[in-house]
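**Student:** Turn these sequences into a full structure, and let the hints steer you where they fit.
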Amino acid sequence: MMTPALKQNMPKPAIDSATGFLDRNSCFAKIAQLASLSTPDQPLTLIWISLDRFKQINQSFGHHGGDEVIVQIAQRLKNKTGPRVEWCRMSGDEFLCIALNYEDAEKLTDDLLHEIEAPLPLGDLLLHPSASLGMAQLSALEDPAECLERADRAMNTAKRAGGGRAITSGDEPLPGRMGVHLAHHELVVENKLHLALQQNALRLHYQPSVDADGRIISVEALMRCTGHDLSPAEFIPVAEKTGLIIKLGEWSLFEGAHFASRLARAGYSIPVSINVSRAQLATAHFSQALHSALLCSGVRPEQIELELTESLFMDNSMAIQENLRAAHRAGVNIAIDDFGTGYSCLANLKDIHAGKLKIDRAFVVALPEDKRALSVIRAIARLGDELGMQIVAEGVENQAQLDALKQAGIHTIQGYIHARPMPEESLLSWLANRKSL
Amino acid sequence: MTTGINLPSVETQLERSLWEIGIPPRPLILDQISTEMQKDEPDVHHLARMIAADVALSASLINITNSPYFGFRGHVNSPREALMVLGLNVTGKAIAGIIMRRAFPSSPHLERFWDASARIARLSGWLAQDVTHNKLRADDAYTFGLFRDCGIPILFARHAGYAQILNTANHDAMRSFTDVENDTLPTNHAMVGSMMAQNWWLPDETINAIRYHHHIEMLDATSIPPTLNSRYNIAVAQLAEHLLQLHSGLSVTQEWVKLGASCLRLLNLTEEDVRRLLIDAAPVIKSA
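These protein sequence lines map, in sequence, to chains A and B.
Residue numbering for the first sequence follows my numbering, beginning at 1 and increasing consecutively.
Residue numbering for the second sequence follows my numbering, beginning at 438 and increasing consecutively.
Read the hints as simulated data drawn from the structure, not as lab findings.
Some hints here could point you the wrong way.
[Claimed, not checked] Facing chain A, from chain B, some residues (calculated, C-beta under 8 Å):
{"id": "1", "residue": "460"}
{"id": "2", "residue": "478"}
{"id": "3", "residue": "481"}
{"id": "4", "residue": "492"}
{"id": "5", "residue": "521"}
{"id": "6", "residue": "619"}
{"id": "7", "residue": "621"}
{"id": "8", "residue": "638"}
{"id": "9", "residue": "716"}
For every residue, glycine included, the Cβ atom is placed at its ideal position computed from N, Cα and C.
**Tutor:** Structural data, given as structure tokens:
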């Protein structure tokens with residue numbers, strides 16, 4: 001059935017003179033016409049095609065050269081599909097393919113991409129065009145205009161991913177992403193994150209832990225996205241949901257180990273703590289990634305500390321348990337992160353090869369007023385002492401919290417009261433300043 | 438003639454240089470290209486000026502662009518023309534390959550390795566055009582050939598006994614190449630290379646192809662879910678290496694014994710096709 005929105009755009013079918021395709025206005029009428037013939041078995045397929053970097057072609061070869069490219073590509077597309085599909089020119093460098101009764105729409109999309117990417121002669125040169133394609137199929141009861149919008153959105157996703165690819169509406173080709181449903185704001189975060197990664201905007205910032213004598217016990221490496229208005233509280237949960245956290249974690253491990261090596265060469269024998277997620281620890285190649293980081297950076301294993309949440313030590317996954325043993329064998333330090341908030345089995349603590357236990361900031365922010373939180377902290381301090389573990393309190397922001405923690409027997413502190421997480425250069429200056437005091 | 442100074446061995450020099458530089462950081466020019474790619478109107482002139490300021494990079498980029506095996510017919514004379522013909526994406530990949538090679542200290546020991554990589558890259562580019570029927574782009578195959586084994590020079594510099602491990606892995610016809618490395622290191626050149634590629638934020642397809650290029654499961658796609666592009670890259674580079682070894686008569690690895698059948702199946706080729714390719718590829722193999 002034709003929708004009112006499409007009907008308004010119906011009349012006056014017009015042909016684009018350069019390509020012989022329908023023009024943009026006529027395309028709406030054609031979609032509406034074919035939508036009425038669409039069936040669940042053979043739904044109407046819309047493929048929105050946008051040529052990549054076409055403006056550069058226009059700039060370099062002039063509009064005449066640009067027109068020639070458009071004409072050649074249009075001709076190829078038409079030849080490839082024959083009379084079975086309708087073609088529209090949506091804008092200077094965008095086409096729409098409208099197909100009905102096509103058995104394999106995804107194959108058609110791939111074929112079109114290959115057709116566009118075949119070398120194209122222009123003067124003495126041979127251009128290698130590329131394009132971003134978005135494909136959508138009309139679902140039952142869907143307004144064809146919505147289907148067109150979905151094809152457009154899929155094309156834009158392909159474009160943002162760097163172009164030269166085809167994306168089916170509803171599909172996401174990113175690693176670990178298939179079948180994961182993301183809310184709209186999470187999709188925005190994910191897109192921003194991918195953009196940031198492509199632009200090398202991910203950085204590690206470092207926050208020191210300081211003991212009662214003012215010695216730096218370790219520095220924790222924390223991921224930050226510079227210049228993309230993206231906080232770790234936003235992007236880390238999305239990365240965990242999509243599986244991208246594995247890639248970020250491996251990068252962090254590699255980068256953190258190299259920083260530890262630079263720190264050692266600068267004369268500071270301070271371990272660098274690196275966070276490891278459950279997904280990363282569950283990979284078959286975790287141990288190889290760890291050894292690669294150690295080998296490539298040349299850092300001694302004891303200069304690296306892996307921070308793992310307490311639930312990982314209780315995890316029944318064989319891969320995780322084997323990787324924990326491999327990390328221990330590699331000689332790196334292990335710290336239990338966010339202790340006190342997850343599901344813990346205290347009996348297992350004695351079997352864990354961890355030298356450090358970090359009290360979750362949730363207990364610290366409640367200080368000094370919350371006496372029950374203080375009781376728990378005091379108990380953790382005693383437990384740590386008994387097991388020979390170093391206890392660190394995270395998220396300490398003010399003197400009152402610091403005093404309460406000291407009273408409870410916690411003397412190693414990480415938090416704004418000493419230093420915020422800072423880039424490598426700032427940390428080195430910070431360390432140098434303390435040395436000179 | 439003696440200088441009176443104990444000169445360190447080549448290996449020590451190499452090790453020291455790598456120790457000092459660490460793993461090469463991602464080149465700034467790749468950041469610039471990524472930034473421009475996000476713009477509606479990329480400033481190609483600005484990028485061309487940046488590339489042209491580095492004479493050696495500029496020359497290498499022109500050289501690669503004009504190579505028939507990179508997949509672009511025609512002749513370019515400047516970085517700007519190369520950018521126009523290749524586009525930003527492909528230029529980025531070409532530059533990554535060039536800079537990766539330059540990032541390592543020069544050493545006579547590694548020259549043969551780099552020469553072999555360059556030969557595999559050229560032949561892979563040619564094969565992509567001949568046997569994959571546009572399913573794999575020549576520039577993709579070419580740059581993968583350059584990057585595939587970049588973990589080897591790193592491990593050479595970092596592990597004193599790596600030459601011996603490599604020798605054992607080359608001769609083992611049963612276990613996978615990387616399993617042999619894992620037994621001793623305990624990691625492998627494919628993992629190291631992929632982590633370096635990851636550190637440069639190269640495309641996932643490239644990272645995966647580097648990481649799993651000795652995994653038969655990757656070619657057969659029974660357990661790991663790879664993209665077709667990664668699988669074609671792996672198969673084409675293995676075939677290129679096999680043809681080079683057949684041509685030279687020196688079979689120094691057992692990789693084709695272990696992976697050859699899977700590569701041919703994926704590429705839809707027969708042994709007869711391989712014999713034909715060996716003849717057809719002779720000019721490519723002999724080209725500098």
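**Student:** Now tell me if each hint is right for this structure.
**Tutor:** Okay, the hints, checked on the actual structure:
At about 5 Å, the closest approach between the beta carbon of residue 460/B and any beta carbon in chain A falls short of 8 Å, and the interface hint on this residue holds. The interface hint given for residue 478/B holds, since its Cβ lies 5 Å from the closest Cβ of chain A, which is under the 8 Å cut-off. For residue 481/B, the suggested interface contact is upheld, since its CB lies about 6 Å from the closest CB of chain A, less than 8 Å. Proximity of residue 492/B to chain A is violated relative to the hint, the smallest CB-CB distance being about 23 Å (cut-off 8 Å).
Because the closest C-beta pair between residue 521/B and chain A is about 5 Å apart, less than 8 Å, the hint holds. Given hint, residue 619/B at the interface with chain A, holds; its Cβ is 7 Å from that chain's nearest Cβ, closer than 8 Å. With its C-beta approaching chain A no nearer than about 11 Å, residue 621/B sits outside the 8 Å limit, and its interface hint is violated. Interface restraint check for residue 638/B: the shortest CB-CB distance to chain A comes to about 6 Å, inside 8 Å, so the restraint holds.
Violation of the interface hint for residue 716/B is found here, the shortest Cβ-Cβ separation to chain A being roughly 25 Å, above the 8 Å cut-off.
In this structure, the hints that do not hold are numbers 4, 7 and 9, in rising order.
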